[in-house]
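Peer 1: Spelled out, the chains give:
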Amino acid sequence: MSTESAPAPQSSVAEDVQQRPRIAVSALTTNLREYGLILALIAIMVFFQFTTSGTLFKPVNLSNLVQQNSFIIVMALGMLLVIVSGHIDLSVGSVAGFIGALAAMMMVIWPLGPLSNPLVVSIICLIVGGAIGAAQGYWIAYHRIPSFIVTLAGMLIFRGICQALLGGGSSVGPLPDGFKALSSGFIPDVIGPLTLIPPTVNAAGKTIIGSGLTLHMTTIVLGLIAVLAYAYFGLSTRRKRERHGYEAEPFPLFVIKTLVGSALALFLVYQFASYRGLPVVLLVMGVLISLFVFVTKRMTIGRRIYAMGGNAKAAQLSGIKTERLTLMVFVNMGVLSALGGLIIAARLGQAVPAAGLGSELDVIAAVFIGGASAMGGVGQVIGAVVGGFIMGVMNNGMSIMGVNVDWQQVVKGLVLLGAVIFDVYNKNKA
Amino acid sequence: MVSTILEMRDITKTFPGVKALSNVNLSVEEGEIHAVVGENGAGKSTLMKVLSGVYPTGTYDGQIIFNAQECHFKGIHDSEHKGIVIIHQELALVPMLSIAENIFLGNEHARYGVIDWNANEARTSALLKKVGLKEDPKTLITNIGVGKQQLVEIAKALSKEVKLLILDEPTASLSEKDSQALLDLLLEFKRQGMTSILISHKLNEVNRVADKVTVIRDGRTIETLAKKDISEDRIITSMVGRSLDDRYPPREPDIGEVVFEVKNWSVYHPLHAERQVIKGIDINVRKGEVVGIAGLMGAGRTEFAMSLFGRSYGRHITGEVLLKGKPIDVSSVSRAVEHGIAYVTEDRKTFGLNLIDHIKHNITLANLGGVSRHGVIDDLGELSVANDYRGKTNIRASSVYQMTGNLSGGNQQKVVLSKWLFADPEVLILDEPTRGIDVGAKYEIYTIIARLAAEGKAIVVISSEMPELLGITDRIYVMNEGRIVGEMPAVDASQEKIMRAIVRGEGKAA
Chain G
170 MSTESAPAPQ SSVAEDVQQR PRIAVSALTT NLREYGLILA LIAIMVFFQF
220 TTSGTLFKPV NLSNLVQQNS FIIVMALGML LVIVSGHIDL SVGSVAGFIG
270 ALAAMMMVIW PLGPLSNPLV VSIICLIVGG AIGAAQGYWI AYHRIPSFIV
320 TLAGMLIFRG ICQALLGGGS SVGPLPDGFK ALSSGFIPDV IGPLTLIPPT
370 VNAAGKTIIG SGLTLHMTTI VLGLIAVLAY AYFGLSTRRK RERHGYEAEP
420 FPLFVIKTLV GSALALFLVY QFASYRGLPV VLLVMGVLIS LFVFVTKRMT
470 IGRRIYAMGG NAKAAQLSGI KTERLTLMVF VNMGVLSALG GLIIAARLGQ
520 AVPAAGLGSE LDVIAAVFIG GASAMGGVGQ VIGAVVGGFI MGVMNNGMSI
570 MGVNVDWQQV VKGLVLLGAV IFDVYNKNKA
Chain B
83 MVSTILEMRD ITKTFPGVKA LSNVNLSVEE GEIHAVVGEN GAGKSTLMKV
133 LSGVYPTGTY DGQIIFNAQE CHFKGIHDSE HKGIVIIHQE LALVPMLSIA
183 ENIFLGNEHA RYGVIDWNAN EARTSALLKK VGLKEDPKTL ITNIGVGKQQ
233 LVEIAKALSK EVKLLILDEP TASLSEKDSQ ALLDLLLEFK RQGMTSILIS
283 HKLNEVNRVA DKVTVIRDGR TIETLAKKDI SEDRIITSMV GRSLDDRYPP
333 REPDIGEVVF EVKNWSVYHP LHAERQVIKG IDINVRKGEV VGIAGLMGAG
383 RTEFAMSLFG RSYGRHITGE VLLKGKPIDV SSVSRAVEHG IAYVTEDRKT
433 FGLNLIDHIK HNITLANLGG VSRHGVIDDL GELSVANDYR GKTNIRASSV
483 YQMTGNLSGG NQQKVVLSKW LFADPEVLIL DEPTRGIDVG AKYEIYTIIA
533 RLAAEGKAIV VISSEMPELL GITDRIYVMN EGRIVGEMPA VDASQEKIMR
583 AIVRGEGKAA
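Residue numbers (the working numbering), protein chains in the order written: chain G, 170 to 599; chain B, 83 to 592.
In isolation and in its complexed conformation, chain G is listed as follows (with noise of 0.2 Å):
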């Protein structure tokens, strides 16, 4: 599309005006990625809720699928900026599975004393990874040697060291509850709960379970506190864009967008406070995705990661320090590994060989089918996350639905492959 003969842009009252529907249907369209991989998202769950009969909305499977994913959701935050910046992470389920082992060696086996501390133990833990990813990154960024090839080694290295710390097949544990509540565990319900529908008593004197409604209020406060700020920053930021005078988007399409968003938030905050509350691993994957988000959206760092994956000769002469760039996406992606690791051992309360084993192709299928290119500079956090609930709700339901494990994965590739040709058909039509 040549621009050569559009007129030269004024910012004349009357040309906005004209140029309003125009922006709407690109605001739609540029989002349409974004908005279809959500709407996807939805479609799948809603056909899992008919196929599973009801099973899948049902607060207790909700937060087992929260549980299930939330290690492949954690690493593919990381894995993203590895792919936007051209590059690959292959090492993450072996890492992970290292770093649940070095935890179960360190609270369980070695007579550490006070070190052995939950708390102090994932810290070091965190650490190490943070370590692991530097010295993978460090042959990548400052030797140019291939990502993919660096990273198989790490695959198979740390795999390896991870057995041999359990002492060949064995598995570590049982870990101290405290450091099982990372990914079992539930926030505390400081307000107290609130009882809408009294359980009903059966002959024995005993609840029968599943009756009554009770509602966990800390989390529907959260929830409510969360869909609010939601909200407010969407209208504010709207508010200052148009006081300097730049064309937002449409306001009905922001409407129906916060409306629709904050709906699906406000449902599963309920399905979660009718159950036991908010998992503690959905509120630290909340804190991260915001994080990220905040990261590759508005600070410098992220920006200059796209501008690496997207021309690194390019991004280099424009005086970005690609090299330590590239070595830090790295050791970002060995602490989210390492942190997935954490959250593994804690959710099977034990470290056994085979953790995390092969969940470096889902993490990177998450990536991909969220809309991040193979070749760099292209990927959103929002995409990865959705992406990797894709994935999981897929997993979920599926295996409710009692397809076979080998079926599963034939299912879980077909899509995987269609996302990515749908993106590359769709970028040929632009």
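Please keep in mind that the hints were generated in silico from the structure rather than gathered at the bench.
Some hints could be false.
[To be verified] Far from chain B, by Cβ distances over 12 Å, these chain G residues were calculated:
(1) Phe226
(2) Ile257
(3) Met275
(4) Leu288
(5) Val297
(6) Pro345
(7) Phe355
(8) Leu363
(9) Leu437
(10) Met468
(11) Met544
(12) Leu583
[As the list claims (entries may be wrong)] Taking lysine-lysine and the BS3-like style, the derived pairs with C-alpha atoms no more than 30 Å apart in a straight line are:
(13) Lys490/G - Lys474/B
(14) Lys406/B - Lys490/G
(15) Lys482/G - Lys524/B
(16) Lys345/B - Lys409/G
(17) Lys259/B - Lys272/B
(18) Lys294/B - Lys482/G
(19) Lys596/G - Lys406/B
(20) Lys482/G - Lys345/B
(21) Lys131/B - Lys361/B
(22) Lys294/B - Lys211/B
(23) Lys408/B - Lys490/G
(24) Lys474/B - Lys482/G
(25) Lys345/B - Lys272/B
(26) Lys431/B - Lys490/G
(27) Lys466/G - Lys474/B
(28) Lys431/B - Lys259/B
(29) Lys426/G - Lys581/G
(30) Lys272/B - Lys482/G
(31) Lys345/B - Lys490/G
(32) Lys466/G - Lys431/B
(33) Lys259/B - Lys309/B
(34) Lys361/B - Lys490/G
[What the hints assert, rightly or not] If you want the footprint, here are the derived chain B segments under chain G, 3+ residues with CB under 8 Å:
(35) 418-431
(36) 457-470
All residues carry an ideal CB built from backbone N, CA and C; glycine is no exception.
Once you have looked at the hints, place chain B on chain G.
Peer 2: Positioned in the frame of chain G, the structure of chain B alone reads:
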């Protein structure tokens, strides 16, 4: 008895918006070495691409008559089949394959797809002997120098039963010694009866080997000189005989003290450690001055500029850079930028832009600190900066959210320029700032350059278009083979003078 082997009649070739060749005629006789000379962009390479079928029949007008037959080549395969072989300026060898594998690439002695290596290597040995290259056919291309690689290219041409050999700037990247050897080889081929076309702008070489010279300028044949009429002066006049008109905005230079100085700058090739690319260059630029660096392709101008800008090219870099009399550290791009130096690349797509991102993000990339606080980007501040520079440089786009990959060349150039203007440099090095953009956009770029100079910036313009340099600069350095071979005020300069400095400087560089 001489007969005409090739005749190209009234060749006209147009690209969208540009007439690259108009009614070019070329007539080559059997057994001669025919030189085709002209400035960069005059149309020499386009003409050869028409001849070899790179631009297939139907995409140009005119006739090609080879060996008394009218030819309609649909591709390079057709022309090679007739015995016309072209050796391009950029060598087309596969570095990690052996000499023998390269020579017979796509043309292997094979039966049912199984390669007969003995036959290949025996034939390769014979061919290497012909071109005087003493190397094992199994040697990898990457392990031999550029001069020998050129000989391999020629051997490859000979393997195809060549009747007409076309060499496009064969000595551009060769040392003096290798160049001499290559020219001797051409003369030897001529004694054996082969016809060749030599494209070159090294007039001393043309003088030495050519039997006839055809001069091309602005896509037209100017004249064909016979052996007895060939002289450097005659060729130069013929090459540059073009008048300057008002394609350049008027300017009142207000020149101050020296701002930027480079002393004894030397750089070695990044891969061939023994090859010195930049050989002790001294230049200076004053406040408000526009200084041009003239020279032909391969003179080392881009290499010089990029090595200055954060050592982005070459290694073993030595020399001194001074800003307002004080030595500064330019060993990384970010340091160079901090000191107020900006380099606008000649290759905007490869080195200048993130083509998959929009205008706004590209403009602020070199100075993100200017739109952020504590690492957090001020969205609206960035937007107003982008809109501001879009207006200043007159970037034509639907909004600053347009992908730079979708812009025309001229607008892309303005985005790159905006990026560096926003970095607010004191010294601006512009490398081929108007390459591949249309006349209107050129004028806009010249206007921006004039405005920057008026604001007191020190500006260096590297350009292969001599009229452009004469039109917009105050002083011109002439560069050739990694050296400054001339310096002249723009008012005293002429294309002839520049060309003279280049061709006279040729011998000194050995």
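Peer 1: Where does the structure disagree with the numbered hints, that is, which hint numbers, in rising order?
Peer 2: When the structure is compared with the hints, numbers 10, 11, 16, 18, 19, 21, 25, 28, 30 turn out to be violated.
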